[in-house]
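Whole structure, please, built from the sequences with the hints as guidance.
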Amino acid sequence: MHANLLPVALANYVALSSVIFFIGVAGVVLRRNPLIMLMSIELMWNAANLLFLAFARAWLNNAGHIFAFLVITVAAAEAAIGLAIVVIVFRSRANVDVDEVAMMKG
Amino acid sequence: MPNFITHEDWLAITPLLIAGGGALIVLLVDLLWPKHAPRYVSLALGIGVLLAAGAFAATTYGRSYDAFNGGFMLGGFAVVFQEIIVVSAIFSLALFGTFGRDDRMAGITALLLWSTTGAMLMAGAANLMTIFLGLELLSLALYCLCGVAGRPASQESALKYLILSSTASGFLLFGMALLFGATGSVTLASLTLPGLTANPLYWMGGGFFLVGIAFKLSLMPFHVWSPDVYEGAPLPVTAFMSVVTKAGTLAVFARFAYALPHGEKLLLPFFVIAGISMIGGNLAMLAQTDLKRLLAYSGVAQAGYMVAALAGASALGMRYAIYYLAAYMFMNLGAFAIAALLSGEREEGAQIAAFRGLGQRQPLLAAAMSFFLLALAGFPPTAGFLGKILILAATVNAGYAWLAALLIAGTAISLYAYFKIFRLMYDPHDSPAPAVRTSAPLAYAGAAFCAVCVIIMTFYPLTPSNVLPLVK
Amino acid sequence: MVLLLILLPIAAGSVLFALPRGERLWSRVIGCVVAAATFALPLLDPNGGDFSARWLSRPFTASLHFSWSGFSLWLVLLLALCTFCAILATNAAQSRTMVALLLMLEGGMMGVFTARDILAFALFWDLMLIPPFFALIEWAPHRETAWRFLIYNFSGGLTLLLATAAFGILSGSTDVIGGTHQFAGSWAPWIFAGFAFAFAVKTPLWPLHTWMPNTYAELPPPFVAVISAVQSKAGLYGFIVIALPFLRSALVEWRWLLVALALVSLLYGAFVALTQTDTKRIVAYSSLSHLGLIVLAIASANPVAIQGALVYIVAHGLFSAALFLILGYLEEREETRSVLKLGGLGAVNPKLAGAFTIAALAALGLPGLAGFAGELVILTGVFRAGYFWPALIALVPIVLASAYMLRLLQDVINGPQVAALPRRPDLTVIEALAVAPLLAALLLVGIYPHALLAAVMR
Amino acid sequence: MMLLAIWLVPLAGAIVNWAFGPQLKRAAGVVGCVALAVPFVATILSWSAATQNAGSAVGMHQALFSWMPGFDFGLLLDPLSLIWALIITGVGFLIHVYSVGYMWNDNAIARFFAYMNFFVFAMLTLVLSDNFVGLLVGWGLVGLASYFLIGFWFFKPTAVAAARKAFVINVVGDVAIMFAIFLMFAKTGSTSFATVFGHVPALGNWLFLVCVFLFIGAAAKSAQIPLHTWLPDAMEGPTPVSALIHAATMVTAGVYLVARCWPLWNASHEAQLLVGTIGGLTALAGALLGIAQWDIKRILAYSTMSQIGYMIMGVGVTAYQAGVAHFFTHAFFKACLFLGAGIVIHELADEQDIRRMGGMRSRAPVAFFAMFASVLAISGFPGFAGFFSKDAVIFGALEHGHPWLYVIGIITAGITAYYMFRLFFVTFFGTYRGDLDPAQVGVMNPSEPAAHEPAHGETHAPAWLMGAPVAILGVFAVIAGYVMIGANSAWNRFFAQTFPSANLAAPAISEGWTTAILFVVMAGGIAIAYVRYATPVALADAPARLRAESQRLPAILVKLFYFDELIDWLFVKPSQALGRFFGSIFDPDVIDGGVRALVGFNTGLGTLVRGAQTGLLRSYALVIVFGAALFAVYYALQGAAR
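Protein chains in written order, with my numbering: chain A, 267 to 372; chain B, 238 to 709; chain C, 4 to 461; chain D, 133 to 774.
All clues stand as given, with none of them false.
Cut-off 25 Å, straight-line C-alpha distance, at most; resulting in silico cross-link-like pairs (PhoX-like, lysine-lysine):
(1) D/157 with D/288
(2) C/344 with D/705
(3) C/354 with C/344
(4) D/157 with C/354
(5) A/371 with B/657
(6) D/288 with C/354
(7) D/705 with D/288
These aren't lab readings, by the way, just hints derived from the structure by calculation.
Right, dumping it as structure tokens:
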């Protein structure tokens, strides 16, 4: 590993992406607005992306970069479908609140 | 310049291309048709495409080839999984014969074909990227399919499924990233590097990866999504989802588990939650009123059984898991076919109450349903019983006796749970429920086909030794 | 040939379903012919009729292996005789369905008794529960009985399956009945526990017996006759043919528990029978007591006791079938089963009273009839195996047996004529013919049980 | 062959009567008598064969078949079983002839004779069998026959209850013998008399136990103290039944058993003590109870119980020959008493209470003279049969070292004389009290006449049918004793080979003083009875005296020492309570309750799991994240641990 090429140690990247990841998780759990939840999901995915890039650079293996591209495309698709579904669900409702969407239980 | 994509590689992914391409063709035909392609045209086309994909995959049965230098595994048990996925896809398309609106049928068929492609990709996936790609392709198509039915519950189930599944994929990705960090390569084969266990990244990566897999298999703590989604989604989609997601994910887990040289430590929590879901799934079934929710919990328990078969990474275990998955597919789809017959236009019939007094009104249907239920419960003459015994043998041989005990306890509880429906059907003293939807020839055919398969599998149990090659 | 024995009744049963629902005569004729055939078939080839087909190979070798010899021959004959008599005695409204179910029941039990492979044994064990369940659903006044019967017996079936699987896995093959390779190993006690639980639920042994009284009381008489006479023997047959030869070490380990449970069911059945007022329940609890004696014999694992058990199994089959058929006639005639309302039948229907007396006397173990032969030899064997006090305690129920059986007998046929009871004609020829072979067999086995044992010893 | 004839002919008679009953009607009586005469003649013909020793054992042996491996059946006729066979067939024949007359008007006569023949067959099985299992089979069948015959008039609820009581107590006896068989089979490996008596020492410390259980069997059958309550109730049956079964043959089966197993008794002193005492106490109790009864048949029943007490005492103290002698004589005079009583009852249209009789001398002269001889015989009046045998028994007790048994014997002899003559005087002397108002003579609850079946046609049976047997028995009651006079009397020579010589004590006549005491006590008893009932002044106001006596009878005697209540309270009540508890409470609540609770618990758990489905999306997300957190913690630990 070429320490000098990397001004920032690998551990920091891992730490950063973990922090981002858990912010995403918190976002999904705490916020009630579905859009915010979708954004938090995106956040989680991007944290993983960051990790891939860091390790790709660390292992000098381009698979990480390819994986990152793959993740970005899939995230985009998922966001599109997510927004479509959110629109369908909340078109007929008064306010955009995930907790109202609780018809099925038990 | 090495030729990156050899003839063998093309051969490996042709079934996927057929399925994916077929979806495009269905959409094109729908576009060119004057107004909307009638229902049966798109369905017929979809089934045709699937048959072609299945036939082609069958031809590559004998060979096992590492396509795309470790990206996609051809042959081996991948083909069997692909066959199972194709059969359940054809089955759910057949069920669509009486569900959903005409004008949407083309879209539904296309989505279904794409999710089948995703699942087939997962079945053969040999490295993290293909796993993720297959998983997401399957899931994205399913999010839309869940929302297809006009009912508000269907939209709600789509939303829930999307958000929760994406979160789980997030965990999966994070796990993959850490694994990539630990091993330096994306292929599953790299997991066999020595000294991995000393690296904390390997442990955390493995953990998060397994969380993602557990969610998809709907094992106990991560099963919370399945009852709502199964209930909300239209019946054919639920049927499709209950088998295909389990099949694809099981293949991925199998490759992951068998790749780990000394994975007991890493996989232990996974088998623990498999055990918990066996007990919890069956327990939850006791208090259900909606048939689809009941089959959802049953799916949770059955997933537990299948994972238990893989305990200890024994070669036999893999065979028995596949045998049980095949048996589960037939039993489950049969039960859904009968449920399809019973549910009315607005699918309010899928309640368990619909079975009251069925023994009198439709003796044949009642007999078929009780046969499937007995199979799910593991009653002797059915494949379910044989499957359970094989899994018992595998777990006991692999030294996971506690898992076998949990399996026995789970079966006992399930015995009573399934009997509640059995009892409703044969209670002459109760008032009969609404009439049965009789205009679904395809559903009848499907149910009959599943029943025949379950019977065949009991007495000629695809004796794993000759049908399934060893795990490659 | 043995396949014919199993499949013929089942096929005939399903064919009968094709007949119109209300039909009565033809179904009984076909039923009798088939039952008679199944009786004659084994006599043609006393110990043979072997059939074996490969079934499973992977976890353990299992094959659909059937044949009858020695002890199972007698049970097959007992089953055929009881079915023949039961079919002859049915003249209920839907005799077509009843005869069909009886034939299927017979087919299922033939499978159990002729199975030489434990897995096939387990398979037919569960199959034989279906016809009685449908009979209960059809004719039992309370639905609860049907479900309790099904769930108790199926849970028994489940443990039997698991024990079979474990036995198969650990010993390589389940195609072993008839052979005598001892099965040791750390798992032996658990496997034995699985088998024992299943057999105990079926026999019914004391704590697991609550399904039996209601089932026997609410099933139509011909059905009860076959079930109490033969199906309850499946458990004992299992003990003798599977538990004793293969898991003897485990049986010896658990023997004190078995002896205790046997004694409790002996006394429990006798005491409760004393106070019951419903005729069928009295006989049901009495059979709980009698079968407890056989379990005691098995627990002692003494050769003389086992011989006695073989005789007593056949004897109990005969007299409980006869008793239930006769109680069935009684119920048809007087529309009531409560002992308090019955009385003074001796004068009105002497033939019925005579048959009832002979059957009751055999049940209470009158010397000279089959019951006594079994009891005496069992207890001699048990005593010789060193169980001093159990043998002594086991004598008390014999005294109680005479008390409750005579109370039943006398309340029904003796005493002043009860005015309220309708005066019905005495036994018709067919009804008498249905019971006559059973009573004759009782006398024969009572006078010369050696013939029975000679066949078994060979 | 002769043995088979003796054994099976009565059975054939029974089958014929049972099968062709309705057609036969009165002819069934003839069939019955013939079925008794043939074996009687056969027994006499085989007298010589039975007495000289063929091979090792004495008497004729006929092996039959192997009943079960290790249990073989066979027939044995040796002096002991010969005596019993003779009495059974001989006295039995006379009683059958009498029954034809007695049952002349009863339309179930065929069924009656079928049962009587079946009884004789069963008794012969018991007496002729050469092993304990055969004996037990006979024992059970005899109990069954007595059940049928006691409950012959099955429309009478009291008869039905008495029959069941008799049968259950007999089964207690059967079960006791069964246990003795286990002991023997365990120790000697077989149950035939020859082997068991050949290996008595092999029984070791279980010898006493074998004797005790055999004796319990004997006590149940011969109505000894604790198990005697069924005998008085057994009088519900027709009188010939009481005569044959409850006087002459069945009740003496216990004596036969003890006599047959004399090697066991010889070897165990405690067993002798036990049997002797029980015999003595039964004799005394029977006598005391006899005093307080008014029903003619119950008095005779208690006297039977008392006399059998004597026999059991006799064989108990190893004076086997004396005990069997008393059986021999007792069979005659007790049968004669019962048949005589039958004639009296028949005469008075089924009236059985002696207080309502009186002056029967003129109306039933034959009964009067025969019963007079029998009463003298039973009291042991010198010159009559009873004198020799009773004296032998009492002296035997003294000679074999049981002085206080001797005293009890003497006292009982006195009481016996008193109540027998009381019966005799009240029934036959004075004027007929039948047409007086029952209360006048102290009868509180007059028993309504037996609800007879409507007899068809009132043709009267020929008088000799009932008179002749009574007369013949009366004669035997006198001459039966003469065969025992002197030290080596024909009786002793007859039993020389069967019993060891030590036990063949000469009858007491040679010991003058004991006979004198016996005579004095017996005479005293007769005198008291004469004074109370037979003096002209007593006869004059007999109704008043009888009424007075009825009121002040001690409750303890009337209530039969409260034995019935004791048994009822000790056994019947608790078992019924236990049965009710198990049946109605334990079964439904405890076991089924348990199963229901298990199911409930599971469903509860199910709803718990279902609770997790709140329907809220975010709660699902929370559950998933929580699961992931658990995983993360585990793996962090694993990672750190490495």
